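Engineer: Work out the full structure: start from the sequences and follow the hints.
There are 2 protein chains.
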Amino acid sequence: MSSQTVERALNTEVKSWQRLAAEKRNTRHRRYPRMDAHKPPSKETLNVIEFPETCGLLSDREIEITNTGGTWSAVDVTTAFSKRAVIAHQLVEIPLRFVIESLQRAAELDEHLRRTGKVVGPLHGLPISLKDQINIKGLESTIGYISYIGRYAASNSVLADILESCGAVLYVKTNVPQTLMWVETYNHIFGRTLNPYNHSLTSGGSSGGEGALIALKGSPLGVGSDIAGSIRVPAAFNGLYALCPSYGRIPYAGCVNALEGQDSVLSSLGPLCNSLGGIRNFMKSVLSEKPWLKDPLAMKKPWNEEEYRLADHGDGKYLCFAFMWHDEFILPHPPVMRALEQTKQALLSAGHQVIDWKPHKHAEIGETLWAICGAGAAQDFSMATILSGEPVISAMDPALDDLNLLAIDIPEDRPLPPALSAFELWQEQHKMRELRQEYLDYWNASIALTGTGRPVDAIISPCAPFVAPPHGKNNIPPSYTMIWNALNYTTLVCPTGLFVDPALDVKKPPHEFFSDLDEAAYDFYEPAKFAGAPISIQVIGRTSEEEAVTAMGEIVDLALHRKVPPAKL
Amino acid sequence: MSSQTVERALNTEVKSWQRLAAEKRNTRHRRYPRMDAHKPPSKETLNVIEFPETCGLLSDREIEITNTGGTWSAVDVTTAFSKRAVIAHQLVEIPLRFVIESLQRAAELDEHLRRTGKVVGPLHGLPISLKDQINIKGLESTIGYISYIGRYAASNSVLADILESCGAVLYVKTNVPQTLMWVETYNHIFGRTLNPYNHSLTSGGSSGGEGALIALKGSPLGVGSDIAGSIRVPAAFNGLYALCPSYGRIPYAGCVNALEGQDSVLSSLGPLCNSLGGIRNFMKSVLSEKPWLKDPLAMKKPWNEEEYRLADHGDGKYLCFAFMWHDEFILPHPPVMRALEQTKQALLSAGHQVIDWKPHKHAEIGETLWAICGAGAAQDFSMATILSGEPVISAMDPALDDLNLLAIDIPEDRPLPPALSAFELWQEQHKMRELRQEYLDYWNASIALTGTGRPVDAIISPCAPFVAPPHGKNNIPPSYTMIWNALNYTTLVCPTGLFVDPALDVKKPPHEFFSDLDEAAYDFYEPAKFAGAPISIQVIGRTSEEEAVTAMGEIVDLALHRKVPPAKL
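As you go down the protein sequences, you meet chains A and B in turn.
Each position in the first sequence, counted from 1, maps to that position plus 33 in the working numbering.
Each position in the second sequence, counted from 1, maps to that position plus 33 in the working numbering.
Hints in this document: simulated from the structure, not taken from any laboratory.
Here the structure is a predicted model, which means the values were calculated and not measured.
Worth double-checking, as some hints may not be accurate.
Just so you know, same-sequence chains aren't split out, so a pair can sit in one copy or run between any two.
Keeping only pairs whose Cα atoms sit at most 30 Å apart, straight-line, the calculated DSSO-like set for lysine-lysine is [unchecked claim]: (1) Lys394 - Lys323; (2) Lys464 - Lys323; (3) Lys76 - Lys57; (4) Lys323 - Lys391; (5) Lys57 - Lys541; (6) Lys464 - Lys170; (7) Lys394 - Lys170.
Structural biologist: Okay, here's the thing in structure tokens:
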């Protein structure tokens, strides 16, 4: 070390992780226009979902744009959604990082259309929000770590490039939990994202920023990621449609991630949206750009219209849906059961077949997934925090929040499964393969039960055993979603259009509990606490069935809402 | 332990691994009809490729059947190939395990055709040989381990089921090296498989039994597996066509494997055959059975005729092939260089474009693959040998062979890379993803060099730096094949129709060696030793390009042989 270097080292103020977080938070806040003069809802107002339209910050046209889409200039649309996003942030704390160039980009798109009479691509002028980890050149992807502050992406992720090729306007990145491996959204830099339907409830996670932002129509369509439920849980808790594709259908290359190099059970990117048409359009558009030519792990499989027309499912005329009422681990709360029952009745009325689905070794599959992801997780989290000194967050209990951070009580490190040797990891991965084979055989065997001449077409299940729970309470393994990641099945979240109604969703007497966690989940259900939360269901297809699952989702949605299928976004 | 159990335990003779192997070998030998009365070639006869037709054991019709295919009854075809397989075994030691029921199965197929006028499927009546590890109900898959003797498969592998659905007759399983992780074929149970073109040379491995059997036309088509070259090396050394598909294109479920649970760089199953038409027909047939409905890891991607017509490659009219003359690790021997040069001239004459391909970080990719596969390999091999006491084979030097086994000098255990923790393995896997991205970007950048408006259509490279080397000498990492497994590219082996000719393939003066191994490879080249060995090349396409690579292989083959594309098998 030269004497000069030593001098520099001694003179450099070593900043604590708390100071780094506080600096970042303050910089961010200074950049947003505040809406203090526009009668923000009081702290006691739990449901803020209508506020963006009533606060007076948006023009009638901006409200119309953000509610309905339609033909507007890219600049108008980007402006409207950006403004509504800023409002959304101040309502539910979705710390946002805006793409400074997005309005210029929108203007260029408008100019291109004016000059050539042609759109750039199928998403021309559509603003799209991205979960924090999806790199946009020049922006940070912190995945909630203090030590990642200042890591500005040198280039776009493959998906960002593809969306821009399709004509999209990437305008904002949204909040996630530290480590990404939580189904709530809180980190030391940006704080906690709340549920717009009920402030006292979580927005879910890890794509919680996307969930809250899209629910408040601060974004027409967003992209999340999911290795255990991180797209579907926030979609379900915020009343959105969302697709979690099988591994590699949507290109992941160039994103920041946790557990990098864990190659067995893969995280998937997928869309969250207020409409199913948006989901379909996103998938078709991304696949039209042949992502496999840009991402070595992307699957070489274009969007298949024949599969979308349900050629493998009797053309969709008489489908057999299997209802999984519970997973033998945690019994769903009454609102979830009500929504399942209503979905069942709707599908029967629409002329489809419905049978029950008995879970097959879900606990064992979940434990194996946990062992695989946990095999190096403690070291992974440690490597990401050790330099900043930031603790690994061990609980989402809001009692541990302290937005001043400097006074925070550092909680114990997060409990994780034991580190494994590579050979031990292989044994878990081998077990998972066998479980996947068993589950596939089990699904195939359902041909004896359906009456359609085919195995079950799709499973309908809860997205979680509850609707959005109070902050800190979503600390139970997301068994209803992670099982399908382990199996690499395609899954879709559909809002049912129902909301928790304490009068209808009364607490049931205790049942024979499957587990201590089941009892804990039972105990914390109090109908009034969940009032107003949206209720969603999950549609589960087989591996790489994105087209068929989207189409079956449209059938379920149509049955539930007795409406025409959603129009193209 | 009850006293009875103790008594039983004391009375049980604990068999040494040597005795177990010898017993197995003897049982096997007793089952084959010997050809001792039919003038077997002397030990000094190195090339036995013509012997099956001259020995008098086959009728003229059987020779015609095994040489040309054509329309024969399934029983006739199965009988002819079975007989020729028994001859082949006695020429080059391809220990075989026959499917007892295969003739009965063939008779049922004949009867079905007679009764209905219809074939069962696209492979009706075709005998197919399978590498040891591909489970057929009731047969052992030992993968060369003493301790696996007696493990009779309880059910078919998915591929065996699919081939039977297509009408194939599974009639024989073939030899492999212990652990499967060698590019020669020797194990303590079944001994060593020789090269039919030259007894003193290796048949390659790990699908060495398939390579030698098909070269001797004891099988019209066989299935091997490949994680570093195990299909392609024996195909190249025995003058066969072979396809190593990308991960999951051919279903692997239900096979026995080494390194089970290593989920990052996957082994692929693929066909070896005397014709390219057979390769294509195999792929189309297997994919027509929708393997993704039976194997959870099989890719949902049917055979695509548009890709086979080279829609993504300018309809195949003016292709750009990039020639990789060496990999900057080991310079190929003169015969390999001659075959590459001849292929280049043939493609130019056929009107295609040819450029050079500079390898990109092949050493780093190879080392990373080695680290990934090695992360738990020592424990994996140990678990498979510890119960029998059999040593892990440490070298393929024939000086270590002792077919009596009881007198064998147990060699030192095989040197392997260090065991890793799961977290360390993840770092290697993460590095591999980055290398795969770099290589893809590198390939895409070749658009600037081709003059076709597309990146390079395919790479042409050696299959190995040498043709089949003497036994024990194929102990250099198979860098020319393993690189493409690491990248998950589709690769095809084409025989060039050329054979080593000591007059043409003279030894060159020493070059500036890339490495010690390069020097070692240089040193052991003596033209006379390799006389008569077939020379092959490799055609490399991108991920999941099985259709396009098959079609481009046909173009290369046509150019080389100036013949019409091979007819449908």
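Engineer: Run every hint past the structure and note whether it holds.
Structural biologist: Results of checking the hints against the structure:
no. : hint            : result
1   : Lys394 - Lys323 : between (37 Å within a copy, 26 Å between copies)
2   : Lys464 - Lys323 : between (33 Å within a copy, 24 Å between copies)
3   : Lys76 - Lys57   : within (24 Å within a copy, 80 Å between copies)
4   : Lys323 - Lys391 : between (38 Å within a copy, 26 Å between copies)
5   : Lys57 - Lys541  : neither (46 Å within a copy, 65 Å between copies)
6   : Lys464 - Lys170 : between (40 Å within a copy, 22 Å between copies)
7   : Lys394 - Lys170 : between (43 Å within a copy, 26 Å between copies)
Of the numbered hints given earlier, the model fails hint 5 alone.
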